[in-house]
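Peer 1: Now for the letters of each chain:
There are 2 protein chains.
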Amino acid sequence: MIERVAIVGTGLLGTSVGLALRAAGFKGSIIGWNRSAEGAQIAFKSGAIDSIASDPISAAREADVTILSVPVYATLDLMAQVTMHIGGDHLVTDVGSTKLQITKAGTQYFNQVGCAAFLPGHPMAGKERGGAELGDANLFRGAAWLFTDAPGAVRTQRGGELVLSWREWVVAMGSKVIDLDAARHDELVAWVSHLPQFVATALSSVLAERVGDAPELKDVGGRALREMTRLGASPFSMWRDIAHTNTDAIAAALEALEQRLAHIRENLRTPELRDEFEKANRFRRE
Amino acid sequence: MIERVAIVGTGLLGTSVGLALRAAGFKGSIIGWNRSAEGAQIAFKSGAIDSIASDPISAAREADVTILSVPVYATLDLMAQVTMHIGGDHLVTDVGSTKLQITKAGTQYFNQVGCAAFLPGHPMAGKERGGAELGDANLFRGAAWLFTDAPGAVRTQRGGELVLSWREWVVAMGSKVIDLDAARHDELVAWVSHLPQFVATALSSVLAERVGDAPELKDVGGRALREMTRLGASPFSMWRDIAHTNTDAIAAALEALEQRLAHIRENLRTPELRDEFEKANRFRRE
Numbered sequence: 022m023i024e025r026v027a028i029v030g031t032g033l034l035g036t037s038v039g040l041a042l043r044a045a046g047f048k049g050s051i052i053g054w055n056r057s058a059e060g061a062q063i064a065f066k067s068g069a070i071d072s073i074a075s076d077p078i079s080a081a082r083e084a085d086v087t088i089l090s091v092p093v094y095a096t097l098d099l100m101a102q103v104t105m106h107i108g109g110d111h112l113v114t115d116v117g118s119t120k121l122q123i124t125k126a127g128t129q130y131f132n133q134v135g136c137a138a139f140l141p142g143h144p145m146a147g148k149e150r151g152g153a154e155l156g157d158a159n160l161f162r163g164a165a166w167l168f169t170d171a172p173g174a175v176r177t178q179r180g181g182e183l184v185l186s187w188r189e190w191v192v193a194m195g196s197k198v199i200d201l202d203a204a205r206h207d208e209l210v211a212w213v214s215h216l217p218q219f220v221a222t223a224l225s226s227v228l229a230e231r232v233g234d235a236p237e238l239k240d241v242g243g244r245a246l247r248e249m250t251r252l253g254a255s256p257f258s259m260w261r262d263i264a265h266t267n268t269d270a271i272a273a274a275l276e277a278l279e280q281r282l283a284h285i286r287e288n289l290r291t292p293e294l295r296d297e298f299e300k301a302n303r304f305r306r307e
Numbered sequence: 022m023i024e025r026v027a028i029v030g031t032g033l034l035g036t037s038v039g040l041a042l043r044a045a046g047f048k049g050s051i052i053g054w055n056r057s058a059e060g061a062q063i064a065f066k067s068g069a070i071d072s073i074a075s076d077p078i079s080a081a082r083e084a085d086v087t088i089l090s091v092p093v094y095a096t097l098d099l100m101a102q103v104t105m106h107i108g109g110d111h112l113v114t115d116v117g118s119t120k121l122q123i124t125k126a127g128t129q130y131f132n133q134v135g136c137a138a139f140l141p142g143h144p145m146a147g148k149e150r151g152g153a154e155l156g157d158a159n160l161f162r163g164a165a166w167l168f169t170d171a172p173g174a175v176r177t178q179r180g181g182e183l184v185l186s187w188r189e190w191v192v193a194m195g196s197k198v199i200d201l202d203a204a205r206h207d208e209l210v211a212w213v214s215h216l217p218q219f220v221a222t223a224l225s226s227v228l229a230e231r232v233g234d235a236p237e238l239k240d241v242g243g244r245a246l247r248e249m250t251r252l253g254a255s256p257f258s259m260w261r262d263i264a265h266t267n268t269d270a271i272a273a274a275l276e277a278l279e280q281r282l283a284h285i286r287e288n289l290r291t292p293e294l295r296d297e298f299e300k301a302n303r304f305r306r307e
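So the protein sequences, as listed, match chains A and B. Take any residue in the first sequence, count from 1 to its spot, add 21: that is its number in my numbering. Take any residue in the second sequence, count from 1 to its spot, add 21: that is its number in my numbering.
Calculated directly from the structure, the hints in this document are not laboratory data. Among the hints, erroneous ones may be present.
The list makes no distinction among identical chains, and a pair is therefore deemed to hold if it is satisfied within one copy or across any two copies.
What the hints assert, rightly or not - When the alpha-carbon atoms are kept at most 30 Å apart in a straight line, the in silico DSSO-like pairs for lysine-lysine are as follows:
# : residue 1 : residue 2
1 : Lys148    : Lys239
2 : Lys239    : Lys197
3 : Lys148    : Lys300
4 : Lys239    : Lys125
5 : Lys66     : Lys197
6 : Lys300    : Lys197
7 : Lys66     : Lys48
8 : Lys48     : Lys197
Predicted model only: the values in this text are computed from it and were never measured.
All chains, please: the whole structure from these sequences, using the hints.
Peer 2: This is the structure in structure tokens:
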């Protein structure tokens, strides 16, 4: 059904999609494009893509399915550009970390008579560092792949078939497909993905200032410290767009955590501390 | 040099010490005691101890070196009791997570004419769950083992030799020995060990309340969520004593993090956010 795939943005996610498609048995062509030529070369040499496009538009025009795998604002920009050059026999999908704006843009620019189909997607997979060199055919194995398709999409028969086929390839790459409303998606990931990231960033930043120069630091910090600060290495370039496009939900989650930390701080010597540990224990058991 | 070891408290750490000593080639006797008979039985069956004592005092009296491996307050209680029953040819050491009060008690109850030697110790190793059944001969491999010996200790020649010998066994178990002042220890671990724990507890607790019943939760949360909440499973019984014996340093660290989170929350759409990511990136690179 899908014979030609375009991967626009061969960073960690884009390269991993190419490798995972091949590992799952995809026999068609995979054309790739990347803002930096070096990243495209690495993806090409890894086998994630088998040709390099000169620009995103020509990549999309050659493909049945185009995967936009760039940060959120770049995704929104590319959606507006790409839709003008392809028709109803194409599907565009994405891997952006916030979905409300992208899903709205999907309704605005796609999913109408004469337009390509658009399927907003978000694999819950990644690493704390990016780049084609970290591409991994198993990145999506066991992970959720969220879709936030808006109701009322107008698609050609071919467009609808490509949507179904892409969902099947996502399953073949080892992911579990989950359908969510876009607003609910952004609310939920604010808690389970964005809050953990900003906590790790805040913890790493405050530790850098307070004990970053302690000579014993490297030796004394154990697995707990490494784990709790691993995401401190995450790149601003990706998280800026997430902070800008999910600001209110992230701010609400951060404020709730600030209040919880203050509550713990004020109760280090009272029985309230036990309640917090019990709630935390329960969260981990469930 | 050391022929008979007593392990008082055969939980995760005590059982692991017994297993690690055996793995490192210790040929002497290891007697164990545990508050719950079941924990002692598990340690015995695992080979971590080769006999079970009826009480902590008789275990210590039979041994050259007694390792107190119980929470901080229980350690302080046992120090006061045990010292009355053993003399200068004994060494008592511990694995408590805060060291200022224990080190002071060591000066008060031990390290004087006619008293046993006491060496305050803290292996930076553990798991988010306790119990003899999780005992692990490799738990201390690659970990720091901190000692906060107070200056001016009065020890018999035999006591001094046991201190040196125990330090060698700690190295043989795979740990890196680091000597620290006790006050500096408690300050440093407030940042690199206690703060990460209380953050994980707060995050797990707040998530339990806000999204604990979301049907998509289990699937959507990825590695980042699992890692950042793993320590949420930690038992209150151990952390209560830490919170009580290092309150001021922990409160200061928590307050610094609360302020940092608020700063990030207020700057989700300003260039300040980049600075926080860059500081966090630097902490992880160093």
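Peer 1: Each hint: holds or not?
Peer 2: Hint-by-hint comparison with the structure:
{"no.": "1", "hint": "Lys148 - Lys239", "in the structure": "both (22 Å within a copy, 19 Å between copies)"}
{"no.": "2", "hint": "Lys239 - Lys197", "in the structure": "between (38 Å within a copy, 12 Å between copies)"}
{"no.": "3", "hint": "Lys148 - Lys300", "in the structure": "both (29 Å within a copy, 19 Å between copies)"}
{"no.": "4", "hint": "Lys239 - Lys125", "in the structure": "between (46 Å within a copy, 27 Å between copies)"}
{"no.": "5", "hint": "Lys66 - Lys197", "in the structure": "within (29 Å within a copy, 42 Å between copies)"}
{"no.": "6", "hint": "Lys300 - Lys197", "in the structure": "within (28 Å within a copy, 35 Å between copies)"}
{"no.": "7", "hint": "Lys66 - Lys48", "in the structure": "within (17 Å within a copy, 55 Å between copies)"}
{"no.": "8", "hint": "Lys48 - Lys197", "in the structure": "within (22 Å within a copy, 52 Å between copies)"}
In this structure, none of the earlier numbered hints is contradicted; all agree with it.
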